[in-house]
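Read off the chains here:
Protein chains: 2
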Amino acid sequence: MTSVLPSSRFLRRHLFGLVCATLAGTSGAQHVISPSQAEQFARQSFPAYLQFLSMPADAAKPADIQRNAAWLQEAFEARGFRTQALPNEGKPVVYAELPAGQPGRKTVLFYMHFDAQPVTPSEWQTDPWTPTLRARDAAGQWQTLPLSKLSTDPIDPEWRVFARAAADDKGPIIMFLAAIDALKAAGQLPEVNIKLLLDSEEEKGSPRLHSVMAAHQALLQSDGLIVYDGAMPASNQPGVSFGNRGSIQLDLTMFGPLSAQHSGHQGNVIPNPALGLSQLLATMKDQDGRVVIPGFYEGVHISEADRQQMAQMAPPPGALAKRLGLARLTTFAANPLEAVQYPSLDILGLSAGQVGAKAANAIPATAVASLNIRTVPETPPARMLGLVRQHLVDQGVHLIEGEVPTAQERSQFSRLARLTMLAYPSTSTAARVPMDSPLARWVLQGVKAPSRIEPEKVRMIGSTLPMSGAVDVLKMPYVVVPLVNADNNQHGADENMRLGNYLEGVRTIAAMLTTRLP
Amino acid sequence: MTSVLPSSRFLRRHLFGLVCATLAGTSGAQHVISPSQAEQFARQSFPAYLQFLSMPADAAKPADIQRNAAWLQEAFEARGFRTQALPNEGKPVVYAELPAGQPGRKTVLFYMHFDAQPVTPSEWQTDPWTPTLRARDAAGQWQTLPLSKLSTDPIDPEWRVFARAAADDKGPIIMFLAAIDALKAAGQLPEVNIKLLLDSEEEKGSPRLHSVMAAHQALLQSDGLIVYDGAMPASNQPGVSFGNRGSIQLDLTMFGPLSAQHSGHQGNVIPNPALGLSQLLATMKDQDGRVVIPGFYEGVHISEADRQQMAQMAPPPGALAKRLGLARLTTFAANPLEAVQYPSLDILGLSAGQVGAKAANAIPATAVASLNIRTVPETPPARMLGLVRQHLVDQGVHLIEGEVPTAQERSQFSRLARLTMLAYPSTSTAARVPMDSPLARWVLQGVKAPSRIEPEKVRMIGSTLPMSGAVDVLKMPYVVVPLVNADNNQHGADENMRLGNYLEGVRTIAAMLTTRLP
Chain X
1 MTSVLPSSRF
11 LRRHLFGLVC
21 ATLAGTSGAQ
31 HVISPSQAEQ
41 FARQSFPAYL
51 QFLSMPADAA
61 KPADIQRNAA
71 WLQEAFEARG
81 FRTQALPNEG
91 KPVVYAELPA
101 GQPGRKTVLF
111 YMHFDAQPVT
121 PSEWQTDPWT
131 PTLRARDAAG
141 QWQTLPLSKL
151 STDPIDPEWR
161 VFARAAADDK
171 GPIIMFLAAI
181 DALKAAGQLP
191 EVNIKLLLDS
201 EEEKGSPRLH
211 SVMAAHQALL
221 QSDGLIVYDG
231 AMPASNQPGV
241 SFGNRGSIQL
251 DLTMFGPLSA
261 QHSGHQGNVI
271 PNPALGLSQL
281 LATMKDQDGR
291 VVIPGFYEGV
301 HISEADRQQM
311 AQMAPPPGAL
321 AKRLGLARLT
331 TFAANPLEAV
341 QYPSLDILGL
351 SAGQVGAKAA
361 NAIPATAVAS
371 LNIRTVPETP
381 PARMLGLVRQ
391 HLVDQGVHLI
401 EGEVPTAQER
411 SQFSRLARLT
421 MLAYPSTSTA
431 ARVPMDSPLA
441 RWVLQGVKAP
451 SRIEPEKVRM
461 IGSTLPMSGA
471 VDVLKMPYVV
481 VPLVNADNNQ
491 HGADENMRLG
501 NYLEGVRTIA
511 AMLTTRLP
Chain S
1 MTSVLPSSRF
11 LRRHLFGLVC
21 ATLAGTSGAQ
31 HVISPSQAEQ
41 FARQSFPAYL
51 QFLSMPADAA
61 KPADIQRNAA
71 WLQEAFEARG
81 FRTQALPNEG
91 KPVVYAELPA
101 GQPGRKTVLF
111 YMHFDAQPVT
121 PSEWQTDPWT
131 PTLRARDAAG
141 QWQTLPLSKL
151 STDPIDPEWR
161 VFARAAADDK
171 GPIIMFLAAI
181 DALKAAGQLP
191 EVNIKLLLDS
201 EEEKGSPRLH
211 SVMAAHQALL
221 QSDGLIVYDG
231 AMPASNQPGV
241 SFGNRGSIQL
251 DLTMFGPLSA
261 QHSGHQGNVI
271 PNPALGLSQL
281 LATMKDQDGR
291 VVIPGFYEGV
301 HISEADRQQM
311 AQMAPPPGAL
321 AKRLGLARLT
331 TFAANPLEAV
341 QYPSLDILGL
351 SAGQVGAKAA
361 NAIPATAVAS
371 LNIRTVPETP
381 PARMLGLVRQ
391 HLVDQGVHLI
401 EGEVPTAQER
411 SQFSRLARLT
421 MLAYPSTSTA
431 ARVPMDSPLA
441 RWVLQGVKAP
451 SRIEPEKVRM
461 IGSTLPMSGA
471 VDVLKMPYVV
481 VPLVNADNNQ
491 HGADENMRLG
501 NYLEGVRTIA
511 AMLTTRLP
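If you read the sequences in order, they're chains X and S. Mapping the first sequence onto full-length UniProt numbering, position 517 (from 1) lands on 517, and the numbers just tick up by one. Mapping the second sequence onto full-length UniProt numbering, position 95 (from 1) lands on 95, and the numbers just tick up by one.
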């Protein structure tokens, strides 16, 4: 999973102002696990962690997945969990559950994934499936340390374990096991019924997770879903995001002549579908980047409090623009954080004929634009599709139902186009949990407990989450709690897990498990 | 060469109205060669024609070209021409000349080409390099006739010789030889000094012909140039075109962020270059297809007489639209013939990101449109480039000079683009000979002579001619006189030459050669 807090590098400098802020409803979280206890149980978990990381887990390889899944079932069953391998075309998803210590407790489903991005070993300093321990020397260079230091020396929070999936997302799974062990040793019982769903294909976009969930809906049903995935803010301070935009892709094909026509013979004589397409696209947004399709933003309301919070956290003007090589950002929203709270419309691709030296002197027969609408919970996909359709009709376009226009349609309508919405997995659902909801308050309480630092609270991230479309099957509120260092190189070479984050992660999970969800 | 009279199938039905029209200045053309004489010398030329067609002449194969060139030199020298192989990187262009019968005569350069389109033999009924004689039976099916019929039977005008290059453009070369033979036999001396330029790479767009011409400018200098290439009107009636549009390609690249950006994280936050490009393109033309870039049509004047002639010849409304699958044509000009008398602007291609299933959820870093401007003599390429540049600047675009924007440009300008004009051979020159000029009158007189049918006169065709850019080197007026049947399948399988056109072609060439150019 990519960073769920993409703007967080800009939040850091504003964080000190937030540390002292009081958040209603997050008082009194337990310190069930002290830093020294965390270190003890983290240390105890390292052999399992190293073993787990030694097992390649390429989501494309069923044998990898099966081996990892079996390992996980054994690890959770050894801690009293009931487990189940949920069938998924040879790449089982692992389910595990443990009841709370008391009856009448709420149930939380924890989502993590054990599959990993594919690797290019030649780009790595050491073999990606052979974990190594490293620390930076005084010159800032990574030096390998003997793994034995993990059992002999006090843990330096700056040490890192290098291996594929060390952070994304095997690290959090082992932190979870360590937290369970720590609670047991402390005689603490979980204050929530625990369910775990450990995905086997997240790095491939969880293409079948929705089917797996649909087939086990009763088993998975819970009062909320926590996603332990993604990277923390660059500050390594706690952060939580309460929602994500959804995404749909609309392909707009404009039809011209039956076949490409010589631009000398027909130039001036017949309309050009590439121009027609450009003219339609030009009607969709204004110069400030605001979508002008009627009704596009209807129902979206951002509270004054949220707006102020985002204004405080927003990056300094120009910093993002400079990094991206732009003279300015779009100006329709007050700042980038606020901008992604609205639905957006972008052109992902344009295609007609050929360009440059490959261009034929021809008026193309068709021109295609692929549009991406990022939705918010208030602007569901079907409505957005309807609005775009209506806007095109308002521009005099006849939208065909078939694959290509019929002869009748060609003879009757001078602006012919097809608009199609791509199916799942190109469609992903928006979701947002109110920050003052019970689930959100419970999360914030747990996340704040170990460090007493007020978490960065992101109302909604601009991107989707890989499994959000599938999660939609369960109709559950969900919150994303990243636990790993921002600079973990996930998806790239030399992926690593910072042990300071590992220790804090164990404490955070333990705190959440021992906080009662109202 | 593709048809130089693209609209001519529509002209046919209006032709009868023109047959009786009187054209000033075309009186008194000689009937130097009667139909029976034409048949005699056509018949005599067939063995050479069949031999010439048996020699593959793929412009990509130097050995083919060399063999054909040597054959041509021999054929022309046998008729008293001085010939010369003009060096052209292994693919010689053949030059031949024969002085007029009297001193003080004007000089005409005749352009034809002996290279041929490549073939896909599997698509042909018979081997493309083995000429066959065929006629349609009562059921309309082609039946092969023995080649011996060409020497034993009277020639049926509907017979056809099938072979690659039979029509495009070896046929006219052999007709030329037959016309010379006929004149000699009749004791007629040419009334013009004859020069011939027989191109070897026309089907490849004559990429080096301009260099060959530049190297032999004095040799080739003449009072006018006649191009015997392209197909006659579908009516098989005489037709002449007096000009062609030019063509330039402008590539417009719009710059967005330094690299493609996640459309979830940045959607709404940063401008999208594909949208920016669409918005710019949309400003270039109105809904009628009229270019609204200021000054685009400046200097273009179509006389009322020309306008009326085109209105008479123009296709019935809807016929072209129907054939192309369009509800309507553009409406800014009165009819398609008039439309191509103006410069045009078309989008040949659009490219940004990817579309459809390949689309990434990313805001592309750049978006490119390739534009094609068809120029007319009054709107030269440099001026058109300047107008487009100025129009873009007027839209707030900063046009960079380099390949990519500098950091300074990126920080300073919010609408950054590059506009480049592709070099020759993507640039082709417009040319037009006034219909009342001496050369035009001479051509019309000769073309009308055999049949007494008033030729279809096309002021200017919409397309370029493959060699027009090169011809521009010679700064000579030129006129295109097509001699072969419209349905000759040039460039495709089963290319063929209708012998009725062959006979008329011999007479037409003879008539032109024996008419004095004032």
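Be a bit skeptical, because a hint or two may be false.
Below, computed lysine-lysine pairings styled on DSBU-like, alpha-carbon distance capped at 30 Å [to be verified]: (1) X/LYS61 x S/LYS358; (2) S/LYS106 x S/LYS358; (3) X/LYS106 x X/LYS358; (4) S/LYS358 x X/LYS358; (5) X/LYS184 x X/LYS106; (6) X/LYS358 x S/LYS448; (7) X/LYS358 x S/LYS204; (8) S/LYS106 x S/LYS448; (9) S/LYS448 x S/LYS184; (10) S/LYS475 x X/LYS204; (11) S/LYS61 x S/LYS204; (12) X/LYS184 x X/LYS358; (13) S/LYS184 x S/LYS358; (14) X/LYS448 x X/LYS475.
Worth flagging that the hints you see were computed from the coordinates, not collected in a lab. Computed from a predicted structure; not experimentally measured.
Going through the hints against the structure:
1. X/LYS61 x S/LYS358: 23 Å, holds
2. S/LYS106 x S/LYS358: Given that 30 Å is the threshold and the Cα spacing comes to 63 Å, the pair is violated.
3. X/LYS106 x X/LYS358: Cα-Cα ~63 Å, so violated.
4. S/LYS358 x X/LYS358: 20 Å, holds
5. X/LYS184 x X/LYS106: 20 Å, holds
6. X/LYS358 x S/LYS448: 42 Å, violated
7. X/LYS358 x S/LYS204: 15 Å, holds
8. S/LYS106 x S/LYS448: Holds: S/LYS106 and S/LYS448 sit about 20 Å apart, inside 30 Å.
9. S/LYS448 x S/LYS184: 22 Å, holds
10. S/LYS475 x X/LYS204: At roughly 64 Å apart (the allowed maximum being 30 Å), X/LYS204 and S/LYS475 break the hint.
11. S/LYS61 x S/LYS204: Since the Cα atoms of S/LYS61 and S/LYS204 sit roughly 11 Å apart, the hinted pair holds (cutoff 30 Å).
12. X/LYS184 x X/LYS358: Not OK: X/LYS184 and X/LYS358 at ~68 Å, beyond 30 Å, violated.
13. S/LYS184 x S/LYS358: 68 Å, violated
14. X/LYS448 x X/LYS475: Since the Cα atoms of X/LYS448 and X/LYS475 sit roughly 27 Å apart, the hinted pair holds (cutoff 30 Å).
Hint compliance for this structure: hints 2, 3, 6, 10, 12 and 13 are not met, and every other hint is.
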